[in-house]
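**Q** Just need the whole structure built from these sequences, with the hints factored in.
Residues 1 to 357 (the working numbering) are what the sequence shown spells out, left to right.
In short, the hints are calculated from the structure, not lab data.
Since the model is a prediction, treat every value here as computed from it, not as a measurement.
Please note that a few of the clues may not be correct.
[To be verified] Derived pair list, reagent style BS3-like, types lysine-lysine, alpha-carbon separation capped at 25 Å:
#: 1; residue 1: 67; residue 2: 335
#: 2; residue 1: 119; residue 2: 154
#: 3; residue 1: 20; residue 2: 67
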Amino acid sequence: MKQFIVDVSSFQEGGDIWGKPLHLIVKSLDQVERRTRLIEAKGRGRLGRIEHRDVATGLWVRFSLSKSSRVTRESGRVTEYPEPRGLADIGDGRFLISDINRVLLVDSESNILRTFTHKYFAFLHSVLFDRAAGCFLVVSSGYDGLIEMDLQGKVRWEWFTWEHGFNPTLDGAYLCRRDDTFRQWQTEGKNAVLIDPGKLGALGMMTSQRSNHPNSACYYPGDENRVLATLGHSGEVIEIDKLSGKWRTVISGLESMPHAILPYAGGWMVTNTLRGEFWLLNRDFEILSKVNICGLPGKPPEMAEHEWLQAVYPLGHDCFIGLDANRGLISIDLKSRRYRVFPVDESWCVHHLVMAS
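**A** Next up, the structure:
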C-alpha cells in the first residue's frame, strides 16, 4: 500500500482556530530541564529515568485557544496535581484524572469525589473510560502494567508485560511479583528481581529498569475483549486479548517512546514521538500517511535535530492538535493545508489533551 509523507512545514501558517474549550494536562513544570535530560539520554543510547527523583507538580488547565496569546496559568482555570498524565471525560460532568499513583474521580469544579488506588499504581499514564462497561483502563507505567477497574474500585482485569513474554529486561533482569516464581528463577541461576511496591514508592521502577514501559492504551471499538497499547522501549503497538492475555504486534517500526494510540476515522492513529510525526492507519493497521512537523519553526536552538512530539489528538476529520514539547500546541488541518502554533508557558511539560464535551 502506498504511503503518503505529509510535511506540515510546507503548509501555510494560519487557518481557523478551534473555538471550543479544551482540557490540557501538564505533567510537570520543568520542561527546560527535561530538554537537557533528553539530549543526555539520547547520547547514552538509553531513554528514561536512571536515578531516583522527587514527584513533580503538574496541572489540569481548562482554556480556549487564542491566536493573540500564549497558553499560561492566566489562560483559564488551573488545578494542581502530583504529576498528572491522563484525563478522561465521563460525560456527566465528572472526570477521571490519573496522577502519579492515583486515579481521581472529580467534578467540573475539581472537587475529588473518589480516589482509586492499587498497590501496582505507579507513574500512571493514560486513563480511558468505557461508558458501556462503567469502568476505566489505566496504564501503570511504573510497573509495566495495564489495570482495568470499575467505579466501585473493583479490579476487572490486569496485565503486566513481564508476565507475558517481555522478560528479561534490557539489563538481563527477570521481573516477577510472586515469591515462588522469584525462588524458582534464583535456583535456575537467573537474575531474578522481586517487585515489591512497598519499597518502590509512587514512581515505581525506574524507566530504564522496566521491561517495556507501556505508556498509552485504548479499547478496540466494538470488541470489549481487545485492548491496544504502545510500548516505549520496543517502539511498537500491541493488541492484547483480555481473556487469554495473549498479544500480537500490530504496528512496528516506530522509534522508542511512541504515544497516544487512538481509534480514528475507522482506523487508527499513533504518535511517533521522537520522529516528530504521527501516523494514520487503516483498520488493518496499514499505514496510510505519516504527518511530520519537524520542519516547523519555533523549536529552541539547543534541540537541533531532537524532537519530542508528545501526542497528537483529532479535533475533527483531518483536523488535529499536537502537543509538542519544543514548540507548544500545534493545530494541523490536512484538508486546507494550514497550521498554527500556540506557544505555552516555557516551563510546561504538556502531556495530554481532551476536548470539552
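**Q** With reference to the structure, classify each hint as holding or not holding.
**A** To see whether the hints hold, each was checked on the structure:
no. : hint      : verdict
1   : 67 - 335  : 20 Å, holds
2   : 119 - 154 : 13 Å, holds
3   : 20 - 67   : 14 Å, holds
Consistency with the previously given hints is maintained throughout, with no hint failing.
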